[in-house]
Amino acid sequence: MASLRDIKRKIRVVKNIAQITQAMKMVAAAKLRRVQERVQKGKPYANTMAELVGALAPNVKDFSHPLLTTRDVSRVLVVVIAGDKGLCGAYNSNILRLGHRFLDGQIAQHGAGNVQLVTIGRKAGEYFTKRGYKPVQHFPGIGPETPYEQIRAVSNTLTGLFASGQVDEVHICYSEFVSPLVQRPQNIKFLPIEPPAADATATGKASGATSDFIFEPKVEELLGVLLPRYVETRVYQLLMEATASEFGARMTAMSNATKNAGEQIDKLTLLANRTRQAGITKELLDIIGGAEALNG
Amino acid sequence: MATYSLSIVTPEREIFSAPVESAQLPGMEGSFGVLAYHAPLVAALNPGLVRITDAEGRELRLFVGGGFFQVSNNQAQLLADSAEFASEINAERANAALDRAQSRLAGKMDGEVLQRERAESALARARARTRVAATR
Chain A
1 MASLRDIKRK IRVVKNIAQI TQAMKMVAAA KLRRVQERVQ KGKPYANTMA ELVGALAPNV
61 KDFSHPLLTT RDVSRVLVVV IAGDKGLCGA YNSNILRLGH RFLDGQIAQH GAGNVQLVTI
121 GRKAGEYFTK RGYKPVQHFP GIGPETPYEQ IRAVSNTLTG LFASGQVDEV HICYSEFVSP
181 LVQRPQNIKF LPIEPPAADA TATGKASGAT SDFIFEPKVE ELLGVLLPRY VETRVYQLLM
241 EATASEFGAR MTAMSNATKN AGEQIDKLTL LANRTRQAGI TKELLDIIGG AEALNG
Chain Y
297 MATYSLSIVT PEREIFSAPV ESAQLPGMEG SFGVLAYHAP LVAALNPGLV RITDAEGREL
357 RLFVGGGFFQ VSNNQAQLLA DSAEFASEIN AERANAALDR AQSRLAGKMD GEVLQRERAE
417 SALARARART RVAATR
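In order, the protein sequences belong to chains A and Y. Under our numbering, think of the first position of the first sequence as 1, with each following residue one higher. Under our numbering, think of the first position of the second sequence as 297, with each following residue one higher.
For the record, the hints were derived by calculation from the structure and aren't laboratory data. Every residue gets a Cβ at the ideal spot worked out from N, C-alpha and C, and that includes glycine. Don't take every hint at face value.
Stated by the list, open to error - Lysine to any residue pairs mimicking SDA-like chemistry, simulated, CA-CA at most 20 Å apart:
| hint | chain 1 | residue 1 | chain 2 | residue 2 |
| --- | --- | --- | --- | --- |
| 1 | A | K41 | Y | S313 |
| 2 | A | K43 | Y | L394 |
| 3 | A | K43 | Y | L401 |
| 4 | A | K25 | A | E241 |
| 5 | A | K31 | Y | R309 |
| 6 | A | K85 | A | R97 |
| 7 | A | K43 | Y | E308 |
| 8 | A | K43 | Y | E310 |
| 9 | A | K43 | Y | E384 |
| 10 | A | K43 | Y | E352 |
Stated by the list, open to error - Facing chain Y, a subset of chain A residues (Cβ under 10 Å, in silico):
| hint | residue |
| --- | --- |
| 11 | R34 |
| 12 | P44 |
| 13 | F190 |
| 14 | P192 |
| 15 | D212 |
Unchecked claim - Some chain A residues close to chain Y (C-beta under 10 Å, calculated; not the full set):
| hint | residue |
| --- | --- |
| 16 | G42 |
| 17 | A46 |
| 18 | E51 |
| 19 | G54 |
| 20 | R97 |
| 21 | L98 |
| 22 | F102 |
| 23 | R152 |
| 24 | E169 |
| 25 | F213 |
| 26 | E221 |
| 27 | L222 |
| 28 | L226 |
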């Protein structure tokens, strides 16, 4: 049986761990809040952009743009978005498992030479490189402070590969942020994009008859410059959602770890008290036994 | 003078939202001005200077790195790729960015068309930015 001193030392260790996980939970919570704020601040731009694309698209007949063209799919690009760091529960492993399975499915379908991979986040890069896949490009993970230029670079890479015809479809595997407690890994077909439907509210806000608008330059050209920007906002949204998921997952994981540490401490304290009492009882018995022997 | 509401948003945040009297914008097909009761318009913008006269008649200048402008029913939105008020531009940094863009374009850029396009647009942005900084 462990001595009292050993148990006390163990309690101290667990207490330290609980402090660290508690701190990490707070940090994750703060970062999650910052990501959410950033998403909130970006909303007006993204909404207006979607509105604009939705309002413009019906004005164009037979519009073709590299980003909209559906081609016969022979080459695909798979993008996997994970985090830079661990200690966030099953967040990374869930998304990597999904990405891996999807990637292998695509390889089986189109052949290894026709499937390209882009990884975002250190964990994704390491995971696939270790397993012998060669990402054509790797980006560091996205955090609440990541400058917009970096996100633009990601978007440019994807649209570049697609528009130049090097790949016929782009799929993104990322974690959908449902709540801080729930993240849903999923993959979506990202390119060719489908323009947002010009729903009644959007066109209604743009004063009903969008055909009354003056377009400068021509509506086709306008849409041509608008679409890459629209794609950019979509990439931004996905990346921010993945980031929010990561911090949500980390927060939950660290909160659980702190709770478990608390339980450990309770258990160990109980054990320490029992051991202490057992020691006292034993000493008492020794003293009584000694006294009896003297009297006898 | 009549005013209309103008909001300037970038992907990161909303940087301006207030009633204004007029705005002058660097349209892709030439600079244009917008007053209240302007006909519905959607326009693409080049990188350049945006000049705003606010409701009190003060003039505001800012740099936009390209974007889109939309106005209807006296509601205007400017979707800027990036935007900075002239007073916030760090002239030194803007000049450094311009130098960088120039040297990158002068260097080994014959290969990819896309790369070249990007460097050229970076140069145009940097140029416009330094010009806006100089108008202070």
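Holds or violated: is there a CB of chain Y closer than 10 Å to the CB of A:R152? At about 8 Å, which falls below the 10 Å cut-off, the nearest Cβ of chain Y leaves the hint on A:R152 intact, so it holds.
Please check whether A:F213 passes as an interface residue: C-beta within 10 Å of a C-beta belonging to chain Y. Check passed: Cβ of A:F213 comes within 5 Å of chain Y, closer than 10 Å.
For the hint on A:R97, does the least C-beta distance to chain Y fall short of 10 Å? violated, 31 Å
Does A:R34 hold up as a contact with chain Y if the rule is Cβ-Cβ below 10 Å? violated, 13 Å
Taking the closest Cβ pair, is A:L98 under 10 Å from chain Y? violated, 28 Å
So, as I understand it, the hint says A:A46 touches chain Y; can you test that by seeing if any CB pair is closer than 10 Å? holds, 7 Å
Please verify whether A:K41 and Y:S313 have alpha carbons no more than 20 Å apart. Given that 20 Å is the threshold and the Cα spacing comes to 13 Å, the pair holds.
Satisfaction of hint between Y:E384 and A:K43, Cα-Cα up to 20 Å: violated, 24 Å
Given the hinted pair A:K43 and Y:L401, is their alpha-carbon gap at most 20 Å? With a Cα-Cα distance of about 35 Å, the restraint between A:K43 and Y:L401 is violated, given a limit of 20 Å.
Could you check if A:D212 really has its C-beta closer than 10 Å to a C-beta on chain Y? holds, 5 Å
With a cut-off of 10 Å on the beta carbons, see whether A:L222 makes it to chain Y. Constraint on A:L222 satisfied, holds at 6 Å.
Holds or violated: A:P44 as interface residue toward chain Y, Cβ cutoff 10 Å? holds, 5 Å
Hint compliance for this structure: hints 2, 3, 9, 10, 11, 13, 14, 19, 20, 21, 22, 24 are not met, and every other hint is.
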